[in-house]
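**Q** Going line by line, the protein sequences match chains L and S.
With my numbering, letter number 16 in the first sequence gets 16, and the count goes up by one each step, no holes.
With my numbering, letter number 229 in the second sequence gets 1229, and the count goes up by one each step, no holes.
Hints may contain errors.
[Claimed, not checked] Pairwise CB distance ranges (calculated):
hint	chain 1	residue 1	chain 2	residue 2	range
1	L	P158	S	A1073	25 to 33 Å
2	S	E1306	L	G107	36 to 44 Å
3	L	P158	S	E1306	37 to 45 Å
4	L	L97	S	R1213	28 to 36 Å
5	S	N1132	L	I235	51 to 59 Å
6	L	T77	S	R1109	30 to 38 Å
7	L	T64	S	R1056	38 to 46 Å
[Unchecked claim] Quick list of in silico lysine to any residue cross-link-like pairs, SDA-like style, CA-CA up to 25 Å:
hint	chain 1	residue 1	chain 2	residue 2
8	S	K1288	S	T1298
9	S	K1061	S	N1085
10	L	K100	S	D1058
11	S	K1076	L	I186
12	L	K100	S	F1054
13	S	K1106	L	Q169
14	S	K1168	S	C1310
15	S	K1106	L	N166
16	L	K100	S	S1017
17	S	K1106	L	D177
18	S	K1106	L	V187
19	S	K1061	L	Q169
20	S	K1061	L	I186
21	S	K1106	L	I186
22	S	K1061	S	V1019
23	L	K100	S	K1124
Calculated directly from the structure, the hints in this document are not laboratory data.
Since this is a predicted model, take the numbers as computed values, not measurements.
Beta carbons: idealized from backbone N, C-alpha and C, even for Gly.
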Amino acid sequence: MLEAYPQNRLARIVLWSFAALVMAFLMLPTLVVVPLSFSASNLLEFPPHAYSLRWYENFFGSATWMAALRTSLILGTLTALIAVPFALLACISMNRLGGKSAASIQGVLLTPSVTPGILLAIGLFFVLAAQRLVGTLFGVLVGHVVLAVPVACIVLLPALARFDWNQVQAARSLGADWARAIGEIIVPQLRLSLLSATLMAFLTSLDESVISIFVASGRNSTMPKLMFISLRDQIDPTIAAISTLWTAIVVVVVVIVALRQKSLPSRKS
Amino acid sequence: MTSLPITIDSVSKAYGSYVALDDVSLDIQAGEFLTLLGPSGSGKTTLLMALAGFVRPDSGKLLLGDRDITRLAPNKRDIGIVFQNYALFPHMNVLANVAYPLALRKTPRAEARQRALATLARVKLDGLAERNIAALSGGQRQRVALARAIVFEPRVMLMDEPLSALDKNLRETMQYEIRRLHDDLGITTIYVTHDQREALIMSDRIAVMNSGRIQQIDTPQRIYDRPSTRFVAEFMGEANIVAPGSVRRIDGAEASGETLMIRAESFHLDAELVGADGVALEGTLRAKAFRGENWLLTLALDGGQEVLVCIPAALAGGCAELAAGQRMTAYAPAAKVHAIPGALA
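One chain only, chain S, in its complex shape (with noise of 0.2 Å):
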């Protein structure tokens, strides 16, 4: 199977005054698994949808390879695409809904049984060919969907929200599983999802979007570390923005002039794990919360701005000892602390 990239040119969509998306472009290569992260609202469904073929974007294009498929039918593109709420058709066994895309291209019945049966032993639903749709549980109809939308190897995969129906400890598993699928078959995927730690796990790339725009595009580790804008930082995490009077540098040096964003698990209570070019912030106690895995401390700095540390269980020591009200100094490694110029702003 020969996976193709996709590249999206300058794509506009309103609805009324209602701007879903915002002069969107995006490169995505062959075989990359890429998500678009976002709340409900920014623009990632319809996104989707306009790849899908079922939303006319208002102005720009849509490249798969170097066709142009902006206007072209959603039943000529050749994407497999896995609902939210999986749409399988309840008047179908689940031989019949996997093996539907290849009757309707005609594959000989034998050889569409078979296909569709290696598929489904992909996807870990042997012995359930001739099971009705109604007598499966959430995890195997999403186990169909997915079957469904790879048995007639398109070329590109769109998933909306595929796992947001499932329980926590099945849609880890299931994380895990699309994303091997992905490598075994190397097809472009796009994925859409609201949850950042499923993003994070899951994708080459993450396109975080917000208000119809994307705010930034990059690796996992990029986007959490490295954050362009406040929203992307506050967005994937417990984000601290701090202006740039509240930090002084541990050995003395001039602390950087700019606004500041530091992870609140990225502070440690000890001087001496940070190193001598890390940043020391100094306050007042005001609230501590124990969170199993670790501990939340809220810190008021001095100039009354709240920071929030979170100082894993093994390493927190004196934490349960520490008294509302007390003066504290958290540190940050020069290497978490990053720079979001303008972010108080």
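For reference, chain L alone in the conformation it holds in the complex (with noise of 0.2 Å):
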């Protein structure tokens, strides 16, 4: 990295101008609501006017908005808890299974992270609707975490790549059965990777709006689905105020990672 580092003065000043920018373009669109979400206006407009906190009252006080952010908090907890551990057999038996094998599971899993969200919305709705479940919450988890698996995988995978399996059989040879050497050998070892596949599956089902459109009702309601119909029904800054606070919570989570991981002594290979 370091040789492609320019040594001239100029080039340097043009290389962090052009990541300047390129930081701007990603961040701003995301930062615009935020003055947005404070304005005392009725409408939408930028720069506001006046400044108010009336619209955050608005989203806290309505038991609509309320209800739906309970249920994209249980089903985001609920999809990280299965997504995760099912995620992680998968990408050990991948790990240990090699070869064409191994490639065809990880084809498998991985298809929902490629597939159109509406195709996957569409087919998701054909069998819960099969099975009397279109409409309930088990509905959408089912629809989040077949999303959310592939996720995971991506972030585990490679973790697992670089572990030393000789520890497993170290300790299965040391008397330890299956789920003890997975749980107190390999878990916490790979405790920074499984953080970061849990908040990125946690985002998945806390982002994710098509299945939720298609498969939830108006009882369970998620954040992004309500927000759609919100957009689509009547337009004011209450959804500036909501977009402002998800991003904050992304934010958040995003940074205690990372912090967490710096705290942690680099290991060695």
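Assembly of the complex is requested from the two constituent chains, each provided in isolation within its own frame, with the hints serving as guidance.
**A** Written out as structure tokens, the structure is:
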């Protein structure tokens, strides 16, 4: 990496400016909703003429929004709790199998992440309809787990590829059954990757809108579903307040994880 | 601790068309130190992993004592294993690593701690119990791995090239220490290595493997002096395989009609040192090299075959004056001339 770093002063300024522009391009669309959410106006206007917290009050005071928030948090938590252990076991088996069989399992597991969401949602809708599960929280959960498993696998596979499998054999020879070898040898050493995978699975569920729109009923609407509906029906800065809160939650979680990774001593290979 | 004999009965294992183990049978006595010696790919590690339970044989049986363990889960075999890369648990300190097998056996905490500390003292690691694995040297890691493998008093110990990552001096120290530990514990030990010196120094018996088969199994001295195949002869040290016609008896009696194996260091340049029933090889000196403790002479026999002659520096008064191209005769005592029928076929 460092060889590519320019020695020339002008080249360095150009490089930094370009990087700053890219960052701005990525961040600004997200950040523009922040001032909007503090507007006192009934309309989405930028820049706002006056500031207030009324849209935050509106959000926290609304039974509908609070129910959706609760649904989303429950779904996100359950999705992570189911998808990550499943992904860990799947990745261990792929790691051990190797060769063509592992590649085909990986192909199947990762398919949902490359299938257009709308197709997945339609397919899931018919499957759930046959089981009379459309409109249930369980139905949405199934959809979210299907989406979160590939995400967790993508985080865990490379971590397992670096893992020294002899340690598991050593634990086995010392008397550990599979469950204890996984729980006491693999899990503690992959804790950072597992934390990332859990976070990514949680965020996958939190972010997911298409399956929720198709499968969730009014009673258990998720936040993204309710945001879509409210954008369609009435546009007011409540949506900006929610987006700001949503972004803040994600940033806080990511920062916590990043700091935790930094505070742990880096391990030698 | 009661150690157990091991019976390996016609075990075979193939990976696709590659045969890792080809009908291997071997009896290891209780308390014996047996080395599986061979080049990489000879099947020695596969055999060890089959005993450990990580490789399932395609056919054949493995017995520990009189119990069939061929299909027993690795965690139920009660076998201590030392891995080539030690496979210590980096998220546990030294004490926790050594106490882990005891924790798995539900040993009370205080007792487990005391036994782990005693075992650490036994491998000369007193005072390092609270260290992190990352803070240990290679030799210390090796000792932790040993302690962890013996702390639960297994009835068999398997070691997979445990010293290959250490430097030469440390390796020699550890060879004696592992052997002493084996003698103290009286535990049946199967040791895998590709280093023939290590095998000779440490073992009660050596099983030389090649291409998934056991070539020969015997005591170190017999394996070295009386190899049964050309492969074993050459793997164990500098071996000359000589056609019968190139050799004459010093006393003029008729020489053996067999193909002969004579080790380079069995030769003398002085017929007096050999005895009348010894053999003589005549030829032209092709090259000579001083190797510190000895001289290595390359002798071209009249039939064209080259023979390596190794003369200890202490006995090699005249070697420095020898010149390439000069005629000379090397002598070997009868006891060091070993027939390997068919070795030149």
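**Q** Could you run down the list of hints and mark each one as holding or not?
**A** Against the structure, the hints:
no.: 1; hint: L/P158 / S/A1073: 25 to 33 Å; result: holds (29 Å)
no.: 2; hint: S/E1306 / L/G107: 36 to 44 Å; result: violated (58 Å)
no.: 3; hint: L/P158 / S/E1306: 37 to 45 Å; result: violated (53 Å)
no.: 4; hint: L/L97 / S/R1213: 28 to 36 Å; result: holds (29 Å)
no.: 5; hint: S/N1132 / L/I235: 51 to 59 Å; result: holds (58 Å)
no.: 6; hint: L/T77 / S/R1109: 30 to 38 Å; result: holds (35 Å)
no.: 7; hint: L/T64 / S/R1056: 38 to 46 Å; result: violated (59 Å)
no.: 8; hint: S/K1288 / S/T1298; result: holds (6 Å)
no.: 9; hint: S/K1061 / S/N1085; result: violated (28 Å)
no.: 10; hint: L/K100 / S/D1058; result: holds (21 Å)
no.: 11; hint: S/K1076 / L/I186; result: holds (20 Å)
no.: 12; hint: L/K100 / S/F1054; result: holds (21 Å)
no.: 13; hint: S/K1106 / L/Q169; result: holds (20 Å)
no.: 14; hint: S/K1168 / S/C1310; result: holds (23 Å)
no.: 15; hint: S/K1106 / L/N166; result: holds (23 Å)
no.: 16; hint: L/K100 / S/S1017; result: holds (17 Å)
no.: 17; hint: S/K1106 / L/D177; result: holds (14 Å)
no.: 18; hint: S/K1106 / L/V187; result: holds (21 Å)
no.: 19; hint: S/K1061 / L/Q169; result: holds (21 Å)
no.: 20; hint: S/K1061 / L/I186; result: violated (32 Å)
no.: 21; hint: S/K1106 / L/I186; result: holds (21 Å)
no.: 22; hint: S/K1061 / S/V1019; result: holds (17 Å)
no.: 23; hint: L/K100 / S/K1124; result: violated (47 Å)
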